[in-house]
Amino acid sequence: MRGSRFQLLGCAVLCALFVAACGDNEVETPTSPTVVAPPVTPVPTPTPTPPPPPPEPAALEAFTLSSTSVEGQAEPTGTVRLTAAAPSGGAVVRLESKDTDIVKVPATVTVPEGATSASFAIDTATVPTTVVVELTASYLTVSRSVGLTVRAPALEARFSVSSASEGSGACAITNGNGSVDCTLDATNSSGFIAQYLWTFKVGSNESTFVATTPTFVPPTTCSQLSGGGGGATVSFQLSLVVEDRAGNRGSPTSASINLHTNGRCGY
1 MRGSRFQLLG CAVLCALFVA ACGDNEVETP TSPTVVAPPV TPVPTPTPTP
51 PPPPPEPAAL EAFTLSSTSV EGQAEPTGTV RLTAAAPSGG AVVRLESKDT
101 DIVKVPATVT VPEGATSASF AIDTATVPTT VVVELTASYL TVSRSVGLTV
151 RAPALEARFS VSSASEGSGA CAITNGNGSV DCTLDATNSS GFIAQYLWTF
201 KVGSNESTFV ATTPTFVPPT TCSQLSGGGG GATVSFQLSL VVEDRAGNRG
251 SPTSASINLH TNGRCGY
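Numbering (my numbering), first residue to last: 1 to 267.
Calculated directly from the structure, the hints in this document are not laboratory data.
All values reported here derive from a predicted model rather than from experimental measurement.
Everything hinted at is true.
Derived EDC-like pairs: lysine to aspartate or glutamate, alpha-carbon spacing no greater than 16 Å straight-line:
1. Lys104 / Glu134
2. Lys104 / Glu75
3. Lys104 / Glu71
4. Lys98 / Asp123
5. Lys98 / Glu134
6. Lys104 / Asp123
Now the in silico label distances, taken between C-beta atoms and shown as ranges:
7. Pro219 / Glu75: 40 to 46 Å
8. Val210 / Thr77: 40 to 46 Å
9. Thr47 / Thr108: 44 to 50 Å
10. Ala115 / Ala246: 40 to 46 Å
11. Gly147 / Val210: 34 to 40 Å
12. Val132 / Thr47: 55 to 61 Å
13. Gly203 / Gln73: 39 to 45 Å
The C-beta atom is built at its ideal place from N, Cα and C for all residues, glycine as well.
Generate the whole structure from the sequences, applying the supplied hints.
What follows is the structure in structure tokens.
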């Protein structure tokens with residue numbers, strides 16, 4: 001028994017010594033250094049460039065005339081202008097006249113593809129008095145209007161004088177009452193004439209006759225032809241003014257006419 005206890009005791013001592021030795025000689029595992037990664041800078045996501053907006057569609061910007069006041073039979077020019085170039089196939093602009101008896105325009109005018117304007121001819125009729133006609137151009141939802149004034153032809157007096165006895169440019173007193181064989185012809189006058197105002201001036205004696213036809217034989221008397229001095233031939237001043245129905249008058253036209261007295265009316 002004593003031997004066994006000694007053996008156990010020895011084993012215990014050896015174990016204790018072994019544990020102490022192992023504890024003193026324990027090998028430490030080396031620690032790896034901590035590696036710090038540099039900060040990562042985020043790459044910005046590029047913002048996509050938006051596509052350009054589509055161009056505004058062409059619209060009717062203006063409607064103009066080469067002249068806004070013309071005499072009848074004139075042919076002014078109309079022009080339409082767009083805000084942008086006409087699209088593929090061109091831009092068809094509608095045209096309208098409020099009075100086609102006086103002013104005529106084509107039904108449409110086309111602005112060519114890529115262009116911004118187009119022009120067209122306008123027909124006007126002869127009118128007796130001044131008239132204003134409204135013209136309109138329309139494209140898509142836009143319309144533009146302009147007024148065209150059409151005037152009556154200018155009043156202009158022109159005349160000639162003739163007689164059966166004296167021929168062209170002269171006439172004669174044919175009786176003791178002072179009748180003359182002067183034929184006054186104003187057919188070459190222009191304008192819408194309602195009245196022809198003829199004025200005879202013999203010396204200081206002046207008489208006016210009103211006619212409604214271009215050809216006229218004045219009903220003179222001796223009192224109207226006196227004052228021209230004496231002699232077989234006297235000169236008198238003949239003037240013509242033409243007037244339209246509105247009372248507008250043209251400028252007077254005058255000529256000196258020889259009057260053969262034939263010994264009458266105190267000559």
